[in-house]
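Peer 1: Protein chains in written order, with our numbering: chain L, 1 to 270; chain F, 1 to 270.
Be aware that a few hints might be false.
As the list makes no split between identical chains, a pair holds if one copy fits it or if it spans any two.
To be verified - Keeping only pairs whose Cα atoms sit at most 30 Å apart, straight-line, the calculated DSS-like set for lysine-lysine is:
| # | residue 1 | residue 2 |
| --- | --- | --- |
| 1 | Lys-134 | Lys-193 |
| 2 | Lys-134 | Lys-45 |
| 3 | Lys-263 | Lys-250 |
| 4 | Lys-250 | Lys-148 |
Source of the hints: derived by calculation from the structure; they are not laboratory data. Here the structure is a predicted model, which means the values were calculated and not measured.
Here's the letter readout for the chains.
2 protein chains.
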Amino acid sequence: MMAEWCKPAGRVRGVLLDISGVLYDSGEGGGVPIAGSTEAVRRIKEANLKVRFCTNETQATREKFVAKLQNLGFDITLGEVFAPAPAACQILKERGLRPHLLVHDDLLPEFNQIDQSNPNCVVIGDAADNFSYKNLNQAFQVLIGLEKPVLLSLGRGRYYKETDGMKLDVGAYMKALEYACDIEAEVVGKPAKMFFLSAVSDMSLEPDQVIMIGDDIVNDVGGAQQCGMKAVQVRTGKYRPCDEQHPTVKADGYVDNLAQAVKILLEHLH
Amino acid sequence: MMAEWCKPAGRVRGVLLDISGVLYDSGEGGGVPIAGSTEAVRRIKEANLKVRFCTNETQATREKFVAKLQNLGFDITLGEVFAPAPAACQILKERGLRPHLLVHDDLLPEFNQIDQSNPNCVVIGDAADNFSYKNLNQAFQVLIGLEKPVLLSLGRGRYYKETDGMKLDVGAYMKALEYACDIEAEVVGKPAKMFFLSAVSDMSLEPDQVIMIGDDIVNDVGGAQQCGMKAVQVRTGKYRPCDEQHPTVKADGYVDNLAQAVKILLEHLH
Chain L
1 MMAEWCKPAG RVRGVLLDIS GVLYDSGEGG GVPIAGSTEA VRRIKEANLK VRFCTNETQA
61 TREKFVAKLQ NLGFDITLGE VFAPAPAACQ ILKERGLRPH LLVHDDLLPE FNQIDQSNPN
121 CVVIGDAADN FSYKNLNQAF QVLIGLEKPV LLSLGRGRYY KETDGMKLDV GAYMKALEYA
181 CDIEAEVVGK PAKMFFLSAV SDMSLEPDQV IMIGDDIVND VGGAQQCGMK AVQVRTGKYR
241 PCDEQHPTVK ADGYVDNLAQ AVKILLEHLH
Chain F
1 MMAEWCKPAG RVRGVLLDIS GVLYDSGEGG GVPIAGSTEA VRRIKEANLK VRFCTNETQA
61 TREKFVAKLQ NLGFDITLGE VFAPAPAACQ ILKERGLRPH LLVHDDLLPE FNQIDQSNPN
121 CVVIGDAADN FSYKNLNQAF QVLIGLEKPV LLSLGRGRYY KETDGMKLDV GAYMKALEYA
181 CDIEAEVVGK PAKMFFLSAV SDMSLEPDQV IMIGDDIVND VGGAQQCGMK AVQVRTGKYR
241 PCDEQHPTVK ADGYVDNLAQ AVKILLEHLH
C-alpha cells in the first residue's frame, strides 16, 4: 500500500501521538486500550524513532495520567508527555496572572505552585462533571468583573469519545464563556502552534521530520499541518466518516488505527 | 429634557416592555420590583397607550410567570405577554419536529401537547441549574446523532442579572452546542424579527408606532430597531455603562429606569 504521507519517510525521525482515541478510549474504570496500540508504541520505539505524546488531556495530573497508561500496558514515561496544564502554568507565571480555575478536581495539583488569590483571569479545562451551572457562573462572574477579561482554555476540542458515548469537551464551554463575555479565549494545548513546536523541539527534530497521528481532524491533524508536519487521522476515537470530507482540513492520510499507521510507516522506512 | 426617541411621540400608540431587568430583578424568592416600575406600567395604561410584554423568560410557564408579576404589584395579564415557548410549540407543530427538551422544569408544561418520542431536534431554554454536564451531554448526543441536527434556542441572551449577581443565559449554552456540533441554532424569541412583529401586530399597530424599552442592548434594543421600532435602553438590570459605546447597536435613548422612560414619553405625548 502506497501512502502519500509516507513519501518523505526517509526523512522521518519522530512521531507525535495523540493519546485519547488513538492509544485508548477513556471512560469509567480508566478506559480500554485500542486494539494493537500498545504493540504499536513498542514497535515505534524498537525502530529507534523518537516519540512524544501530545495530549489535551486535563482530567488528571500528568503523573496520574501516565501511571494509568502504563497500567494499560503502554511504554510511556512522564518526560514524553506534553499536556496543557504545565504549559498554562508557564504562561501564568510569565504574565503575573492569578487564575480562577474551572478544571477537573484531579488536575488541581498541577497548579499548586500558582498564586490563586484575588483572580485576574480564568483557566478552563475539561472539567467534566465540574461543568455545573453554578461553577460556570462563578467563572463567568470573575471574567465579567475584570476590566480586561483573560480566559485561558486548555484546548479547544469539541467533544471526545468515552466508552459510553461522545462527551462535550472544553471547547464547548470555552465558547459559552467567550460568547457571554464577548471575548476571545487564548488556547493552550492543541491546536496552538507553540504547543506542537515545543514537543518537536524536545525531540531535537524539525517539523518535517515528524509525523503526527491523531483522531481529531482539526486539533491534531490541522494543528500539526500548520506547523509543517505531515499528519494522519486514525479511524478510531472521535473519528467520524464525514471527517474525510472536512471543509478546511485534509489529512495527509487516513488509517484504520494506530497499528496500521505504524505498520505502513515502518514498511516505508526500511 | 429633549429626547431623540420621543420626537415621533405624536405617532406613538404602544409600548413594548422587556420584563426581567426592566420591571423587576429576578432571583431567589421571586425577585424584587425595580423602583417606580409598577407605577410606570399603570401610567402607561392610564394614558391609553397599548402595551405588550416581550420577554425571553423561559424559567416558568407564562401562567406562573404572570401570577408572580401580579403578586409583585404589576398590572399585567396573560394575553399581554409574549414568550418564546408558545412560539416554539407553533414551529414544532408546523414542521413535525419532536423535541428533546433542555429547559427549566417549570417550563415543561408548555410542551405538554408536543410529541417528544424519538426526538429529531433539541429545544434549549434558560435551564439554569438543569444546565449540568450530564444534561448538556444528553442534548449534544441527540444532536450529533441526527443526520441534520436542528437546534431551537429560546432566546440568545448572554446573561441576566439576578438579585445575587449576573447569571449565564441560554445563549451561552446555545453557543456551546453550536460549536460542539458545528451547526447554527434557530432562535425563537428576541431578537428574532417574527417575535417582535407578532407582539406589534397583536396591538394592531405598525412598528413605527411602538417604542421598545429593554435592558439588553443587543436583543431588546437592536432587535426592535431592526423591525423599525425606536428602542430605549434602561440603566437597570443587566445594563452596563459600556453598552452605551456598543460597537454595532446604538439605542435611540438611554434612561435611568422604566419610570423615567415613561415620564419622558408621557410629557412628549401631551
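Peer 1: If a hint holds in the structure, say so; if it doesn't, say that too.
Peer 2: Tested hints:
1. Within a single copy, Lys-134 and Lys-193 get their C-alpha atoms no closer than 33 Å, and across copies no closer than 32 Å, so neither meets the 30 Å cut-off.
2. For a Cα distance limit of 30 Å, the shortest separation of Lys-134 from Lys-45 qualifies neither inside one copy, at 46 Å, nor across copies, at 39 Å.
3. In this assembly of identical chains, the alpha carbons of Lys-263 and Lys-250 lie at most 30 Å apart only when taken from the same copy (22 Å versus 62 Å across copies).
4. Within a single copy, Lys-250 and Lys-148 get their C-alpha atoms only as close as 37 Å, which misses the 30 Å cut-off; across copies the closest is 22 Å, which meets it.
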